[in-house]
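Undergrad: Next come the chains, spelled out residue by residue.
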Amino acid sequence: MAILLTPDTRVLVQGMTGREGSFHTGQMRLMGTQVVAGVTPGKGGGDHDGVPIYDTVQDAVAATGANAAGIFVPPPYAADAIMEAAAAGLELIVCMTEGIPIQDMIRVKGFLSDFPRAHLLGPNCPGLLTPGVGKIGIIPQRFSAPGSIGIVARSGTLTYETMAALTAAGKGQSTVVGIGGDPINGMSFVDVLELFEADPNTTHVAVIGEIGGSDEERAAEYMGRGSRLRAVAFISGRTAPEGKRMGHAGAIVSGNRGTAQSKEAAFRAAGIEVAETTDQIVELLTAS
Amino acid sequence: MKLLEYQAKEVLASLGIGIPKGRVARTPEEAAQACAELGPVAVKAQVPVGGRGKAGGIKLAANPQEARAAAEQIIGMDIKGHRVPLVYCETALDISREVYLGFTVDRDRRNNILMLSSQGGMEIEQVAEESPESIARLHPDPWRGPLDFELNQLVFAAGLGEHVRALVPLVKKLHRAISLYDAVTAEINPLVITPGGELIAGDAKLETDENASFRQRELESRYGGVSEEDALEAEAHRRNLTYVSLDGEIGIIGNGAGLCMGTLDLIQRAGGSAANFCDIGGGARAEVVENALAVILMNPRVRGVLINIFGGITRGDEVARGLIQARDQLGFDLPLVVRLSGTNEEEGREILKQNGIEPGASGWEAAQKIVALTR
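Same order as they appear, the protein sequences are chains L and G. Just so we're aligned: 109 in the working numbering is position 109 of the first sequence, and the numbers increase by one with no gaps anywhere. Just so we're aligned: 1372 in the working numbering is position 372 of the second sequence, and the numbers increase by one with no gaps anywhere.
It is possible that part of the hints are untrue.
Calculated lysine-lysine pairs in the BS3-like style (CA-CA distance at most 30 Å, straight line) [stated by the list, open to error]:
1) L:Lys244 x G:Lys1080
2) G:Lys1021 x G:Lys1173
3) L:Lys109 x G:Lys1205
Covered by chain G, according to a simulated footprint, are these stretches of chain L (three or more residues, beta-carbon under 8 Å) [unchecked claim]:
4) 97–103
5) 107–119
6) 135–143
7) 150–156
8) 197–206
9) 235–248
Take a look, some chain G residues computed to stay more than 10 Å from chain L by CB distance [claimed, not checked]:
10) Ala1092
11) Gly1202
12) Val1226
13) Leu1373
Bear in mind the hints are in silico, worked out from the structure with no lab data behind them. Glycine included, C-beta positions come from ideal geometry on N, C-alpha and C.
Generate the whole structure from the sequences, applying the supplied hints.
TA: What follows is the structure, given as C-alpha cells:
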C-alpha cells in the first residue's frame, strides 16, 4: 500500500509529445508506471513510443480507462489542462508546469470545487513517486527504495536530497509527494498528511516546507492534534530577507507572515522535531 | 511587477476610477512647469516601496520655484535602497473623509480577497492589528466576480453605508484590474471622499503577476524598466537566471529553489553570510553555470563561491566537467567549494579534486569549508 499512486493507477500524460513530457514519460515508463495514453490536441490517432495519443482527455479516458493525469503543458495552457482532466473525471491530477499565472490557478481552484473527488498536486511540483510501483512527474527514481517513510515537500531538490539520503541510510519510502512551490496550489501539507495517516504502510513522515504562506503552520496544528506517525519537519529559507521572492513564486516573507521562525515554532509547539539541515532530517528519522 | 504610484493611477484611471490631476517630472525644470500648469502641488518620489513620506520623499510646493527645489532634492534620493528616478507632481484634494480599499491574494483561502475599511491613510496591517472589526472582507467568486448584493454587504459591514451608491461601482471597477491586468495586489489608500461625495484615489499601489507577462505585453512595455532594479539582479535577469541580491560575501549557486534557500541557511549556520540567491534549475549545464558565476563575480563584495548541486538526471561527472570549463573560461580565482550529490557523485568529486576544486561531501560540510576559506 501507498498513497495516491498505487498499482491500480493508469496514467495519461497531457503534453506528452513535448520535449519535457516526452523525456519524463520515458522515465515514468522505465520505472514501470502504467502510462496508458498521451493527450495532444491535433495529434490524436497516432502514437508516441508505443503509447496511443488522443486529442482530448475525454477520448483518452473513454478508450483506456486512465484514472490519473500528469501535466507537462506550457504555462499559458496548463490551467485549462487541469480543468479538462477534472472534467473528464480523473481523481489524481499532477501538474509539473512552472509559471502558471496566479489568477488562472485561482479560477482553477474555483472550478475544482465542483469536482470534490479530484486531487490536484502542484502546479510547479516534481510530482509523486511510490517506490516499486511508479511515478508521475520528474522525481529521479534511482534514489528511492520501498519502505515506510512518507515524504511531503514543497521543493523538488530538497525532496530528492532527503529521499536519496534516506535510501543511502537503508530507509525506504512509502510514497514521496511534492506539493509544489506556487502560492496557489492543489493539495496542501494537511491533505497529504491525512492520507499518510490512513496508510498502514507509512510509519514515519518528513514534512519539508519553506517560507511563505501558512500551510506549514496548518500542518503543525493538524499533527499536534494527535498523529500515529513519527514526524520530522524542516523549513528552508530562514535567512531569506522580507519581500524578496526566493525562486519559488510562493517563497516570500511579507511583513512578519510566512517566516521560517513562525513555521518552526509551530512544529515545535505541536511536539514535532525540527531538523536544522537536510542531513538532520535523516538522523532524526532513523534515530527511532 | 510593482507599479509606481503614477503608473498605478494611470491604470486606475483606465478602469474609470477618479484620480487627482498630476504630471510626471524627470527633472526639476519639468516639476516647475507642472506646478505652473497645475497650481500648488505635492511633489512625490516615485519608488516601489512604502514609507516615502517619512523618508522625506514627499514635499508640498506652492509655486514653481518651490516645486523645482523639491524635485532637486527628491530626484536621485535613496529610499530604502531604491534610487528615485522621477517625481509625480499632483494637485491637493479637498478631503471630507479617507477610507481604504484594496485586494490581494489570500493564500489560505486560495482566492482573492477584497478589503474595505473606514480607517483610511494608515497601513492596513496596522489597522488589522488595532481595529480588525473596521475591515470588511469579501472573497469574490473567481469566475463571476463580486455581485452587487455582496458588495452592498461589504460596504455596510465596513460602516460606510452612506456612500454605498458611489462605493459599489468603484469596487467593481477596481476588481476588473484582476481580469484585465492580472493584478495580484491593489490598494487605494487613502481613498478620498470629497465634501461633494466624490471618490478619488489619493494614493495607489498595484502589483501584477510576472507569470502572466506573456499576456500583459502592453503593460510591461509601458511601465517596465522605469523603477531601477538592483544592477546585478537586472544583469542576471538578462541572462535568464533566478537571482536575488543579498548583502553578504559568499556567492551561492544551487539547482532548485528549495536547495538554494537551504544553502543560504547553511552558510549562516556556519557563521558566514551569503551574497546572493541563485537558482540555476535542473540540468546544471556548463553555460548556465558560467553565466551564474559571471554575474556573481560582478559583485565586488564576493570573496568566495559555494556551488550546491543535486544531480538527479544529470550525471555528477558531467556537472563537474562543466564547472571546470566555466571556471577556466572566466579565469575564476576566488575560493570555490562545490558540493555535488546524486548520480555519479564519486566520479564527479574525483574530477573536481584533480582540478583543484574543493569538494564537500554534504551541504553542511561544504558551507563550513567555504566560510573557513573566506575568513
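Undergrad: Against this structure, judge whether each hint is valid.
TA: Structure-based check of each hint:
Annotation: proposed proximity of Lys244 of chain L to Lys1080 of chain G holds, straight-line Cα distance about 14 Å (limit 30 Å). Pair hint Lys1021 of chain G plus Lys1173 of chain G holds up; C-alpha atoms about 20 Å apart against a cutoff of 30 Å. Among the hinted pairs, Lys109 of chain L with Lys1205 of chain G is consistent with the structure: their alpha-carbon atoms are about 26 Å apart, no more than 30 Å. Residues of the stretch 97–103 of chain L lying with their CB closer than 8 Å to a CB of chain G number 5, which satisfies the three-residue condition for coverage.
Requiring three or more residues with a Cβ within less than 8 Å of a Cβ of chain G, the coverage given for the stretch 107–119 of chain L holds, as 4 such residues are present. Judged by the Cβ-Cβ criterion of 8 Å, the stretch 135–143 of chain L is covered by chain G as claimed, because 5 of its residues qualify and three suffice. Given a C-beta distance limit of less than 8 Å, the hint that chain G covers the stretch 150–156 of chain L holds, as 4 residues qualify and 3 suffice. For the stretch 197–206 of chain L, the stated coverage by chain G is not satisfied: 0 residues place a CB nearer than 8 Å to a CB of that chain, which falls below the threshold of 3.
Taking a C-beta to C-beta cut-off of 8 Å, the stretch 235–248 of chain L contributes 11 residues in contact with chain G, enough for the three needed, and the coverage statement holds. With a closest Cβ-Cβ approach of about 30 Å to chain L, Ala1092 of chain G is found to remain outside the 10 Å limit, as its non-interface label requires. Listed as a non-interface residue, Gly1202 of chain G keeps its Cβ farther than 10 Å from every Cβ of chain L; the least gap is roughly 22 Å. Val1226 of chain G, annotated as away from the interface, keeps every beta carbon of chain L farther than 10 Å; the closest lies near 19 Å.
At the 10 Å boundary, the C-beta of Leu1373 of chain G stays outside the reach of chain L, the nearest C-beta of that chain being 20 Å off.
The earlier numbered hint that this structure contradicts is number 8, and it is the only one.
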